[in-house]
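> Each number in the numbering used here comes from the position in the sequence shown (counting from 1) with 105 added on.
In case anyone wonders, no lab produced these hints; they're calculated from the structure. Quick caveat: nothing in here was measured; it's all calculated off a predicted structure. Any given hint could be a false lead.
For each label pair, taking beta carbons as the anchor points, the in silico distance ranges come out as [as the list claims (entries may be wrong)]:
| # | residue 1 | residue 2 | range |
| --- | --- | --- | --- |
| 1 | H160 | C137 | 30 to 40 Å |
| 2 | E129 | T154 | 32 to 42 Å |
| 3 | E129 | K153 | 35 to 45 Å |
| 4 | L158 | G136 | 34 to 44 Å |
Pairs of lysine to any residue residues, derived as SDA-like cross-links and limited to a Cα-Cα distance of at most 25 Å, are as follows [to be verified]:
| # | residue 1 | residue 2 |
| --- | --- | --- |
| 5 | K153 | L138 |
| 6 | K151 | L161 |
| 7 | K153 | R163 |
| 8 | K152 | I140 |
| 9 | K153 | Q164 |
| 10 | K152 | G136 |
| 11 | K152 | Y162 |
| 12 | K151 | G136 |
Heads up, the beta-carbon is just placed ideally off N, CA and C, and yes, glycines get one too.
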Amino acid sequence: MGSGQWFLEKRSSFRSDSFERENEHGGPETGCLSITVFGASGDLAKKKTFPALFHLYRQV
């Protein structure tokens, strides 16, 4: 490779087998989920961010 040239390797997409299985109720099995929130404080976080995260928690 010369100066100023880039090489891009195409990779296959990552796919976990755990998302393809079904649970005992016949629905898809989901993996673990972790969310880290940095700097969420103040009025906007109270009105938008925290309720959205709680709604996401209730969906699971």
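> Take the hints in turn and mark each one as holding or not.
To see whether the hints hold, each was checked on the structure:
For the hinted restraint 30 to 40 Å between H160 and C137, the CB-CB distance of approximately 19 Å leaves it violated. Between E129 and T154 the beta carbon distance is about 34 Å. The supplied range of 32 to 42 Å therefore holds. Roughly 36 Å separates the CB atoms of E129 and K153, a value that falls within the hinted 35 to 45 Å. A hinted range of 34 to 44 Å is violated for the C-beta pair L158 and G136, which are about 18 Å apart.
Taking the CA atoms of K153 and L138, the gap is near 20 Å; set against the 25 Å cutoff, the hint holds. As the CA atoms of K151 and L161 are separated by approximately 15 Å, the hinted pair is consistent with the 25 Å bound. Restraint check for K153 and R163: satisfied, since their Cα atoms lie roughly 16 Å apart, inside the 25 Å limit. With a C-alpha separation of about 18 Å, the suggested pairing of K152 with I140 holds against the 25 Å cut-off.
Between K153 and Q164 the CA atoms are separated by roughly 17 Å; this keeps the pair inside 25 Å, and the hint holds. The straight-line distance between the Cα atoms of K152 and G136 is roughly 29 Å, outside the 25 Å bound, and the hint therefore fails. Restraint check for K152 and Y162: the C-alpha separation of about 16 Å stays at or below 25 Å, so the hint holds. Between K151 and G136 the alpha-carbon distance is near 28 Å, which puts this suggested pair outside the 25 Å criterion.
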